[in-house]
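K.L.:
Listed below are the residues making up each chain.
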Amino acid sequence: MSEKKYTKDHEWVSIENEIATIGISNHAQESLGDIVFIELPSVGNSVKAKDEICVIESVKAASDIYAPIDGEIIEVNNNLENDAAIINQDAENEGWIFKMKISDSNQYSELMSEDEYKQFLEQ
Amino acid sequence: MPINYKTGIINEHKNVRNHSGIFDVSHMGQILIENNESYLHKLEKYIPLQLKKLIKNRSHYSFLLNKDGGVIDDLIISNIDIKDKSYLYIVYNASRKKEDEEIFISCAPNAEKIYKKNCLFAIQGPDSINVLKNIIDIPNNMKFFDILISKYDNNEIIVSRSGYTGEDGFELSIPNESAENLITHLLKNENTMLCGLGSRDSLRLEAGLSLYGHELNEKITPIEAGLSWALDKERLEDENLNGNEVLSDQLKNTLSNKKIGLISTSKSMLRDGMTLFDNNKNEIGKITSGCFSPNLNKSIAIGYIISEFNTGNPIFCEIRKKLELVKINNLPFVKKNYKKNGSIYE
Numbered sequence: 058m059s060e061k062k063y064t065k066d067h068e069w070v071s072i073e074n075e076i077a078t079i080g081i082s083n084h085a086q087e088s089l090g091d092i093v094f095i096e097l098p099s100v101g102n103s104v105k106a107k108d109e110i111c112v113i114e115s116v117k118a119a120s121d122i123y124a125p126i127d128g129e130i131i132e133v134n135n136n137l138e139n140d141a142a143i144i145n146q147d148a149e150n151e152g153w154i155f156k157m158k159i160s161d162s163n164q165y166s167e168l169m170s171e172d173e174y175k176q177f178l179e180q
Numbered sequence: 035m036p037i038n039y040k041t042g043i044i045n046e047h048k049n050v051r052n053h054s055g056i057f058d059v060s061h062m063g064q065i066l067i068e069n070n071e072s073y074l075h076k077l078e079k080y081i082p083l084q085l086k087k088l089i090k091n092r093s094h095y096s097f098l099l100n101k102d103g104g105v106i107d108d109l110i111i112s113n114i115d116i117k118d119k120s121y122l123y124i125v126y127n128a129s130r131k132k133e134d135e136e137i138f139i140s141c142a143p144n145a146e147k148i149y150k151k152n153c154l155f156a157i158q159g160p161d162s163i164n165v166l167k168n169i170i171d172i173p174n175n176m177k178f179f180d181i182l183i184s185k186y187d188n189n190e191i192i193v194s195r196s197g198y199t200g201e202d203g204f205e206l207s208i209p210n211e212s213a214e215n216l217i218t219h220l221l222k223n224e225n226t227m228l229c230g231l232g233s234r235d236s237l238r239l240e241a242g243l244s245l246y247g248h249e250l251n252e253k254i255t256p257i258e259a260g261l262s263w264a265l266d267k268e269r270l271e272d273e274n275l276n277g278n279e280v281l282s283d284q285l286k287n288t289l290s291n292k293k294i295g296l297i298s299t300s301k302s303m304l305r306d307g308m309t310l311f312d313n314n315k316n317e318i319g320k321i322t323s324g325c326f327s328p329n330l331n332k333s334i335a336i337g338y339i340i341s342e343f344n345t346g347n348p349i350f351c352e353i354r355k356k357l358e359l360v361k362i363n364n365l366p367f368v369k370k371n372y373k374k375n376g377s378i379y380e
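First to last, the sequence lines map onto chains A and B. Each residue of the first sequence is one higher than the one before, counting from 58 in this note's numbering. Each residue of the second sequence is one higher than the one before, counting from 35 in this note's numbering.
Don't read these hints as lab results, they were simulated from the structure. Ideal placement from N, C-alpha and C gives every residue a C-beta, glycine not left out. Treat each hint with caution, since some may be false.
Claimed, not checked - Quick list of simulated restraints, FRET-style, between CB atoms: (1) Lys222(B) with Ser103(A): 55 to 61 angstroms; (2) Leu231(B) with Met169(A): 29 to 35 angstroms; (3) Asn371(B) with Ser162(A): 54 to 60 angstroms.
Unchecked claim - Taking lysine to any residue pairs in the SDA-like style, the calculated list, with each CA pair at most 20 angstroms apart, reads: (4) Lys355(B) with Ala118(A); (5) Lys117(A) with Lys40(B); (6) Lys320(B) with His248(B); (7) Lys150(B) with His248(B); (8) Lys40(B) with Cys111(A); (9) Lys373(B) with Lys150(B); (10) Lys355(B) with Ser99(A); (11) Lys167(B) with Leu182(B); (12) Lys301(B) with Asn139(A); (13) Lys301(B) with Asn135(A); (14) Lys150(B) with Ile172(B).
Generate coordinates for the entire structure from the input sequences, incorporating the hints supplied.
P.N.:
Okay, here's the thing in structure tokens:
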């Protein structure tokens, strides 16, 4: 698996064989608080980077999740349907949200590394 | 007061329902007004109670009303003696300090705002009495909405059996210099914890309690808000009371809107400001408060709909541009657990 990268919207992306796995960062999970529901994206949809593709509801607020890069949604984490709190427990592993077949790997390279994301959070 | 402490809103919420939790509500307004006939008469223009007849050591839920009977604020007013002097002690919303204090000072120029020197803590939940009774002297027969002066660290503190969660509990007004000691002392009990604004909101919503700025504002009367029980009906005949004619008329006639409780039928969250529709996509009302209910494991809400709507018909809520079916639920969503009794006047 490739290095994990991050977006300014607090999503993480990792890539293996042109398949990207996407979730929200641990920082995002902490600031959302208890997550009670996630509206998962539809498998088969082709999306562009920055498209709103699903919604996370926490006890505090609803937050949009954006596609970090262009591609087609090929799988969603159905475990979250019954227990969205998995994201609170393990946002960056078991709490993955969806997988995409990506069309442009340059978009991935442009995302922030873990160190860059940490710096971004401190700003 | 933060939204939540380390363990999160849901955990804090459940701890209050099952054990107890402590809220630092020192942001709220607290004022002492001398129990003087001329002051009370002036205050009776705004407050729909017979202030001269309030029983000593009891609290009452009431309002400040504007000329149209709209709610300037909702508040708790109590009659207590402090150092042998009789006072009205009023606790009011932080967001309405400016409006309320203008009225209090105009009625009683020497009214004393005590929130600068006193913190206000609420301990809520079925175990509150057990956590508190070893620390502060609480008489056995103290009931819901009783209020008295007790002592902590040799300081006088105001203790009332009240709160904003639907549970049994107490509110403590304590001089700043003793506040930290008291909190540390209470937290030695390992079943209690600090709770934030998030659980305060979900607890009060489950209990069907109104929040100023949501269910209540200057354009809504207590009757429209379903709170006519808190009005003294004799005062509605009194021309000295703001909005008395509007309120009397509303009691006799059908209102244009009614307050309802709603439960989501999906996992979507109902939130403040969402619009409600009937079967034919006609707008019938709005949600004024919504949250996730940890007790029901579903989203719940309070809102207003037009009175002519037949509540036997389906209601839909617009959530992210989709209409979702919601169910009407009687308020409160969770049964109140007060230690209740007592009449309001002597």
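K.L.:
To test your reading of the hints: which numbers does this structure violate?
P.N.:
The structure conflicts with hints 7, 8, 9, 14, although it agrees with all the remaining ones.
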